[in-house]
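A.B. asks: Residues per chain, in single letters:
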Amino acid sequence: MEKTSTDTLPLTMISSEERETICIFGTGDLGRSLGLRMLQCGYSIVFGSRTPKMSSLLPSGAEVLSYSEAAQKSDTIIMAIHREHYDFLTALTEVLQGKILVDVSNNLKVNQYPESNAEYLAQLVPGARVVKAFNTLSAWALQSGALDASRQVFVCGNDSKAKQKVMDIAQTLGLTPLDQGALRAAKEIENYPLQLFPMWKVPFYLSACLCVFFFVYCVIREVIYSYVKEKKDITFRIAVSIPNRVFPIVALILLAVVYLPGVIAAILQLYRGTKYRRFPDWLDHWMLCRKQLGLLGLGFAFLHVLYTLVIPIRYYVRWRIGNVTATQAITKKENPFSTSSAWLNDSYISLGILGFFFFVLLGITSLPSVSNMVNWREFRFVQSKLGYLTLILCTAHTLIYGGKKFLSPSSFRWCLPSTHIIALIIPCTVLVIKFILILPCIDKILTRIRQGWERSSKFSESAMNGKTDI
Amino acid sequence: MEKTSTDTLPLTMISSEERETICIFGTGDLGRSLGLRMLQCGYSIVFGSRTPKMSSLLPSGAEVLSYSEAAQKSDTIIMAIHREHYDFLTALTEVLQGKILVDVSNNLKVNQYPESNAEYLAQLVPGARVVKAFNTLSAWALQSGALDASRQVFVCGNDSKAKQKVMDIAQTLGLTPLDQGALRAAKEIENYPLQLFPMWKVPFYLSACLCVFFFVYCVIREVIYSYVKEKKDITFRIAVSIPNRVFPIVALILLAVVYLPGVIAAILQLYRGTKYRRFPDWLDHWMLCRKQLGLLGLGFAFLHVLYTLVIPIRYYVRWRIGNVTATQAITKKENPFSTSSAWLNDSYISLGILGFFFFVLLGITSLPSVSNMVNWREFRFVQSKLGYLTLILCTAHTLIYGGKKFLSPSSFRWCLPSTHIIALIIPCTVLVIKFILILPCIDKILTRIRQGWERSSKFSESAMNGKTDI
Amino acid sequence: MEKTSTDTLPLTMISSEERETICIFGTGDLGRSLGLRMLQCGYSIVFGSRTPKMSSLLPSGAEVLSYSEAAQKSDTIIMAIHREHYDFLTALTEVLQGKILVDVSNNLKVNQYPESNAEYLAQLVPGARVVKAFNTLSAWALQSGALDASRQVFVCGNDSKAKQKVMDIAQTLGLTPLDQGALRAAKEIENYPLQLFPMWKVPFYLSACLCVFFFVYCVIREVIYSYVKEKKDITFRIAVSIPNRVFPIVALILLAVVYLPGVIAAILQLYRGTKYRRFPDWLDHWMLCRKQLGLLGLGFAFLHVLYTLVIPIRYYVRWRIGNVTATQAITKKENPFSTSSAWLNDSYISLGILGFFFFVLLGITSLPSVSNMVNWREFRFVQSKLGYLTLILCTAHTLIYGGKKFLSPSSFRWCLPSTHIIALIIPCTVLVIKFILILPCIDKILTRIRQGWERSSKFSESAMNGKTDI
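Protein chains in written order, with our numbering: chain W, 10 to 479; chain A, 10 to 479; chain P, 10 to 479.
So that you can see chain W by itself, here it is in the shape it has in the complex:
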């Protein structure tokens, strides 16, 4: 499922031949690919190379010259060279005077050098106008036209005219330039392609820890316990039964953890009596990764659904039901029907299905293309109202599943309570606090605080402004 060019219109870009000449230093993959694309979009291309010979790899129509000859042909020079080889540029200082140097280089590690490659280049060639751009592109994608991942071109530079020109070139190539400010931003632009899901790290580790903890807990409480006490080997439960105990718990906790910071923030505001004080950093970060936490929760819920639906297919389940039925037939005892069991069973199944349905809905609305189309009121409606509905449904599902067994002593093994009890702590806490917060008397105070009112008189001024201003 690699990216392909379906997404792009496979038109050979044929140009009206009016565009200027661009010089590219370096004939590596990215240099050649950029050159090819620029040629297709109507630019004249001249490559600068240590060994200026035309090679069959270079796009036809391009010229190859020595560095200094090539540099003289154009005002814009793309530096498709690794930082380690920038030194030769010092010899060209004079030729490069006033020219736009576009640094497209990347490093192998985050913060590999004290300063960014682009800033280093600017130091080496003081007279040139250095712009950082194009480093997030992939040579393969440029060549094949499969550009959906990397259409964005982050641009920064101290000379705004030079920057604008590079942005215009990017636009002409069919890319999306994004102005990132002065050259100081180059460091972050260079680190960007080296990132690996930075926002997902904390949520991922959190859910991994929860999984491991509950897995070990269940193994001890079920497999080892029954081996020690009853000498029964039920290790096979590790494959399906125990994951299907761990996944729903982790899903529910992650869902609750999405709504916990909002509740904490409300308590903080109530306690402080003002909204004009920053939240602690951990709370801010927590708030920013709620989407990731929720999506991971949805993943676990999805697994729980699949693991639950395969139950009747499992050998063990079939074997057990077959045995029970056969025994019933042999002993000729009628198994009486319990309406209350049917009610309990059917309602926790129904709650679970509805909870999962709304969870999936939440997931779909957090797809970028969907969330781009709703306004803030709609977004808040979905993520807050529907979110709490989901949390209530899933918590109720777990509560009813646990049923009466909850506090019966038989559910304690080696003093370890059932996993459901542990799973319900955070969701129930969140729901109870939320319920208290929406009591009219408290909700009124909170709403006033959020509109700018302050309890203490110290900040009365900003409080007054808060009411006047948006």
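Since the hints were derived computationally from the structure, they do not count as laboratory data. Errors might be hidden in some of the hints.
Given that identical chains are not distinguished, each listed pair holds provided it fits within a single copy or across any two copies.
[As the list claims (entries may be wrong)] Pairs of lysine-lysine residues, derived as PhoX-like cross-links and limited to a Cα-Cα distance of at most 25 Å, are as follows:
(1) LYS443 to LYS342
(2) LYS443 to LYS284
(3) LYS284 to LYS394
(4) LYS82 to LYS62
Take the given structure of chain W and dock chains A and P to it, following the hints.
C.D. replies: Just chains A and P, lined up with the frame of chain W:
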């Protein structure tokens, strides 16, 4: 699953310090957030305030002055003040002469005032060039960088240069400005953030009504009937069995309702003998909410799938099957295998799965990012050909499920027919009419009408043009 | 699920009346719709028509004149006329001198004429500046505002100023103009709306062939075999059992086929000792449709999951289990529990669920709006690491499912091996080769080759450059 900044590149926007000064009236949440972002993008910011004191909440680097002092520093003034407090601007009329006033305000209710806030502002300060913009942004999103929902900035104004300037600022802030025309459009722009899924309202209420109707119908026909006639308490069926009867019916009807307006439109065109007459309004509206109808139908189909797959896990089902098997064993009667039952059962299951599969496919292609990538021919292929295939599969699924029971008297209880019969009325009607419409003789006429041909001679001219023109 | 205007802000575009006059030749659907939208965006519109009479269909506010009168009123003329009727323009050559003619026409078939309509127009009216644009729009979408599918406007032309002007108009209309170069590109732009999923063709036919082959294979091996040998009619298996045998096999093969070209490419590079030679065309094409292959595989996997989960609901399965249990009860034989069977069964179920989970994850990340938000490192991580994990899980799932039966003679019927054996050939091949390729000794060579190193000395120069340049 709140929005976070994963989506945005978390670059500190560091600017080349060449951009101009912008003045912001009001130091509320949105004012401060806009100021912060503008500072990050290289603008100088001066806040205008009644009580011009620097506060720790204001972004560092900004100046705070009195309103009139601040206004003199810049040509562009962001009005981050509630409409109720605009009066003080009359005193500043002279200072504001010729300046660009950007109205960012919102109201609490749709059409709260007779004229839009921006038009009111333009009346108050006749010499200023008023532009409406930025009102759909969220202060929190601006500050946290989590902008995926609200990157769009609707801009309108009577002075095109002023408007262009505000659009340029929005672009620089990394937002997507959308020109909405003259200041008269401000009313709609101000109503936009107050909307709550306007296109979903009718489809939602329709499906809610269908759900309630069929739910009550099933409760009467099954639960109450068997209580009255057989004194059996089967209320527990309300939790799973009856929803699983209601949801597929509603899903099928909604799917049919998606294709009904197209069929009605074709009949109208055939009847009128021309395409050059507008459809009635209700038909136009119906056509415009087909996507929503279909997606709601998909939601119900999804619930039906889940409710069906949990059947073997249910206590009631296990109990019944166990009893049946035990009885079979006790009476030692062989249960003969019926190939025709196996065929019927397997084929309606298979049709249902395939129908659901194509339904999901339709849903995926209506995701905005997917539908953006297909051309009209492909889109019509998916939504029309694949859509009718889905409708046929789902209708056949229901038909076979009903099986022979359909018209047997036993399926009538209190004269109420089985729900499946009711469910099939609209889908079958749509399919039969569609089948008639694609008969070659009728299809030929319809195609000619759609290419501009007209039956009556009255419009012969436009008919001739219709053939020449696109 | 047709497109509707939810996506677009339903603002009446009300304009500041400063924009220029645009002339539209032809009053067909597209001409009128374009005119309406342009009027809404503030342009003055004058229609040119053979029979210049105002009709109720034309947008109010527009003028209707004869062709030559209309042409004199504007510098920009939209040609909303079928190519077959272009001849009359020769009479207007003088009036059209220097004007921008926008060709919006489409053909009925790919490559219907030797030259594109726009180039034909340019030949007919040599003095005019012809621009191709707007041909991918739908009249209905323009009128209803439901533009999400066709916001893109491909523009090409030899006169860059004329082209820029048309792109500006497109932008003002709220569309997304994309510069496609010189007028030679018009042919491809005209073919674009006639395409029907060009990238999906090969993957679709491949999977269709696989489906048919395995279906026939299974029917022969199971249904016909047991009819011939045991005179048993098990044709009903065609509805569910056999599809559920075919779909997982096709899904697994398609998934393996996604990763096969990457492995072949690596072997080619190792064999050639250089990366500086183009891959054969078939390999390039194969690489470009990996996404489609994977998504089709996901579709089959989804069907397999549904077909598997309905197993316990099927009449045949219930009947068989009931009989087995009853027999067990009658013969009073205890059915012994086999821990190893439970392990095998539970682990292949678990592997299948996890494999499907990651497969869905791969599918979600290939949604354009999701893949737009990740950088190349993240994209490669998901599609390569997670992809191979999925392949390993699914292959293991199939391997364990086959279990010990694999090579037992009883699994051969009429010398035909079990379908699972055939299904596993490609996945196992890919995994084995991949395993060899990531052995440190081979991986080191491959990495060096991909960094530009070459085994032979012939290309030593480019090899040296390859190390210096990006």
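A.B. asks: Compare the structure with each hint and give your call.
C.D. replies: Structure-based check of each hint:
| no. | hint | in the structure |
| --- | --- | --- |
| 1 | LYS443 to LYS342 | neither (50 Å within a copy, 57 Å between copies) |
| 2 | LYS443 to LYS284 | within (18 Å within a copy, 57 Å between copies) |
| 3 | LYS284 to LYS394 | within (22 Å within a copy, 45 Å between copies) |
| 4 | LYS82 to LYS62 | within (17 Å within a copy, 56 Å between copies) |
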